[in-house]
Amino acid sequence: MAAQPKAPKLFKATIPRDRFERRILKRVVLREERSFLLELYALDEAGTAYTRPLELTADQARRLRTIAAAVRHNRGVLQPVKLALLGAVAAAALVFVVFFADNLIERGATRGLESLFGARVEFGELRVRPLQPGVSFGSLAVADKNRPYRNLFELGYTELRFDLAQALRGKLVARNIETQEVRWNTEREQSGALPPERAPAPRDTDDPALEFPRLDQLVSDRFADIDPEELIRSHYGRLTTPEHLTAFAREIEDSIDRYQAEIPGLEARARSAAERAEEVTDIRPAELRSVDAVRDAYRTVERAYLELDDGVEEVRQIRADLQEETQRYRNELERTGVLIQDDIAYLRELVPEFDFTDASAIAAFVVPELYEPLNEQYQRIRTVWDAIDRLRARERPDSPDAGRVGRSIEYPARNYPRVLLERVAFSVGDRAARDLYELTVGAVSSEPRLVDDPTTAHFARFDDEREIEAGGVLDMRDGSAGELEIASKMNGFEFSIGGRSGIVSIEGAKGKYDLETDLRIRRSGFPQGAVRVGLEELALEVPEGDQIASLARDILYSIPRVSVDLEFGPGGAISAHSNLDGPFQAELRGFFESRRRELQQRVGDEAERRLQDELSQREDQLAELRRYREQVEGYVARVEEYRAEVATLRTRLDSRTADLEQEAERRVRDAAEEARREAEGRAREEAEQQIDRALDRFR
Amino acid sequence: MIVNAVARVVAALNSNRRPGEIGAAAGCAVALALIPAGNLIWIALFVALFLVKVNLSVALLTLAALSPFAGLTDPLLDSIGYRILTVAALQGPLTTLYNLPIAPFTGFNNTLVAGGLALGLVLWIPVYAAARAFVQIYRNTLRAKIAALPPVRWFVKLPIVQRITGWVRWANGAYSRVR
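Which chain is which? The protein sequence lines are A and B, in order. Going letter by letter, the first sequence gives residues 1 to 699 in our numbering. Going letter by letter, the second sequence gives residues 1 to 179 in our numbering.
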């Protein structure tokens with residue numbers, strides 16, 4: 001037998017009218033479901049209850065179950081199950097915080113501080129006190145990122161109490177910090193460097209990795225780095241002699257080339273003159289018997305003479321040119337000597353004077369020893385400053401949604417930065433009893449503009465013999481210069497240094513010193529301000545035979561207290577002065593002036609050697625020209641000699657012609673006389689014959 | 001997932017649930033879409049959705065549909081928010097509120113948040129009424145007509161739709177049994 005379909009508890013066979021209408025029917029929202037219920041349930045005759053048949057069909061029972069579920073769902077507006085679930089989650093979170101908050105906060109604080117300081121951070125026994133609210137820890141060590149085996153600082157047992165109201169606003173405002181011990185620059189057993197994956201990324205900044213200006217460069221032996229050859233080489237282009245000699249060399253080379261080309265022509269001309277001379281010198285005027293022959297020979301000789309005369313003139317012209325050029329070059333070489341002396345004078349002047357006007361010799365002796373401790377402090381300051389900067393960089397503007405940013409309306413309120421350390425004060429001992437250890441830090445914040453006061457720090461340590469007091473003010477508020485001002489004072493400290501070399505070489509020194517600093521440091525740039533060093537009870541060990549060191553020692557011993565004032569100007573420029581500058585400078589000036597003169601002499605010698613080398617090359621060229629001139633002189637002599645020979649021959653021919661002409665004239669005259677006599681004889685004979693005949697006839 | 005959400009919305013429209021649940025879900029979704037996310041007000045409203053009896057499928061689907069266009073209303077919200085936040089009469093209460101510990105997380109002093117909240121609250125009632133009226137009209141008149149349409153009948157008979165409907169029924173049944 002099949003089981004009777006069972007109706008849900010909500011739908012009993014009889015339901016009071018009020019309950020049915022208010023708690024069931026009202027919560028059935030579908031019209032067909034309401035109709036179904038009203039068909040199934042009917043109001044009794046008394047009108048006080050709804051009843052249904054005792055037996056239901058399976059379909060009716062199933063439909064009633066569905067309606068019952070809907071009625072239950074439509075009851076009330078809250079979801080009790082989800083509310084309970086939310087409560088359970090909140091309780092679980094609370095339990096989680098109670099049991100695991102210490103570890104979580106420690107891990108978060110460690111990572112946060114590590115990213116701020118760029119080095120390992122170690123907490124000991126960190127406890128969260130959520131109700132105060134606050135945090136306490138047994139110890140805190142923050143490593144120095146620049147020196148992994150040193151701690152930047154260490155804290156002993158420390159309690160931090162935060163502002164609850166501000167904590168609920170998401171701001172970490174430390175109202176009170178109590179610590180039992182503060183130490184810094186302590187040693188570490190393990191490296192404090194962060195592994196590469198946890199090291200903070202380099203900040204995108206224009207800040208160079210600045211160091212404290214190197215004080216040991218303040219005063220240096222300026223001559224030590226001067227190499228005469230290098231000095232001349234670097235300034236060679238500015239000298240007049242090389243340029244002059246170069247132009248001069250080109251001219252001489254041109255002349256040499258030109259005359260070298262002329263020589264074969266001259267040689268050929270001389271040979272031709274010789275041949276021509278030989279041709280005519282075979283003529284024997286005495287052997288010439290006729291005037292015509294003599295005249296022919298004379299014409300031949302005359303032509304040869306004219307040719308030789310032309311050759312002589314040409315060769316003489318070349319000789320004259322060569323003489324003139326050689327003389328001109330000689331004159332230029334003589335002028336080069338003057339230029340060389342000018343250039344040497346110029347180079348000698350390049351050797352700097354040792355000038356103590358802006359640098360103290362005493363500072364040169366003292367300040368290199370200050371570089372390491374000052375730079376160490378300076379880097380530590382910059383590390384803390386970096387940390388404050390990183391803290392500030394984390395201040396994010398309000399941004400309700402990455403894509404939708406409206407305007408934030410500010411109302412009157414004390415607006416705290418996200419992180420604020422209002423004041424940390426630590427003090428042990430008593431100043432009057434000269435046993436004090438004191439540290440105060442104030443107004444360290446992630447948003448300085450929201451804090452009335454600038455960030456300040458003050459440290460003091462007094463004991464019987466020594467005292468150190470330092471104060472710093474870092475004002476990063478709007479309108480401020482963004483400078484860190486540091487003033488510190490150290491008294492009664494002892495120093496002991498080993499040997500060092502330099503202008504003043506020593507084997508060791510010890511004594512007492514005090515130090516005062518008054519520096520202003522910008523985020524980028526070198527510090528500016530003053531450092532004053534006082535030295536007392538000095539004991540110097542100087543190398544034997546070192547006159548300068550002995551001089552320095554004597555002068556240092558001459559007064560009870562040496563004071564050195566360093567002024568740090570813009571761009572790392574430093575000026576230093578000491579109360580011993582005057583006497584020390586006077587002594588050192590003589591020493592360094594002699595070194596300067598020695599160096600000038602070396603520069604001059606070297607320059608002269610190099611320039612004379614250049615000059616000797618030109619002399620060689622000039623000698624070659626001279627050789628050419630001698631050759632040309634030879635050609636001139638040879639051609640003139642040939643011309644003279646031909647001239648002599650011509651004269652002899654002239655004489656021979658005259659002789660022959662006289663002989664011929666005499667012969668003609670004789671012949672004419674003979675003819676005349678013959679004619680006269682014949683005429684006389686003929687006349688006598690005619691007279692005879694006439695006489696005959698007449699007779 | 002979207003198909004499932006749409007199916008659940010369709011199921012909600014046809015289920016024996018109060019029309020106000022859907023109306024409230026639509027109203028809340030409009031308010032959440034108008035308020036920029038990432039502040040305590042938005043988170044509180046979103047969490048509240050899960051704690052009151054509103055139809056989550058309708059709320060989440062409506063929120064997802066409106067959020068991409070919420071930026072278009074920013075100039076209007078900024079203007080409304082600025083006017084509200086600078087009303088002289090409200091400076092006292094707002095300053096007090098501003099100084100309360102949790103206040104910075106609410107972002108109430110942001111013009112978009114304030115404007116979104118104000119416009120969301122104002123729109124909640126008409127959106128609620130309109131959605132509720134739509135559900136009632138749908139259930140009373142449209143549902144039968146739509147169900148009789150051939151494409152709908154064909155769609156409802158699809159195996160995937162049958163399967164989803166089955167899942168929804170099973171899930172609703174399981175939820176009811178748990179409660």
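Just so you know, the hints here were simulated from the structure itself, not pulled from any lab data. Don't take each hint at face value.
Cβ-to-Cβ under 7 Å is the rule here; a few derived chain A residues that face chain B [said to hold, decoys possible]: (1) Leu-30; (2) Glu-33; (3) Leu-168; (4) Arg-407.
In this text the structure is predicted, and so the values were computed from the model without any measurement. Yeah, the Cβ is synthetic: ideal placement off N, Cα and C, and Gly gets one too.
Quick rundown of the hints versus the structure:
1. Because the beta carbon of A:Leu-30 sits about 5 Å from the nearest beta carbon in chain B, less than 7 Å, this interface hint is met.
2. Here the hint on A:Glu-33 is kept, as its CB sits about 6 Å from the closest CB of chain B, short of 7 Å.
3. With its C-beta approaching chain B no nearer than about 3 Å, A:Leu-168 sits inside the 7 Å limit, and its interface hint holds.
4. Interface restraint check: A:Arg-407 against chain B, minimum CB-CB distance 5 Å, threshold 7 Å, status holds.
The structure shown violates none of the earlier numbered hints.
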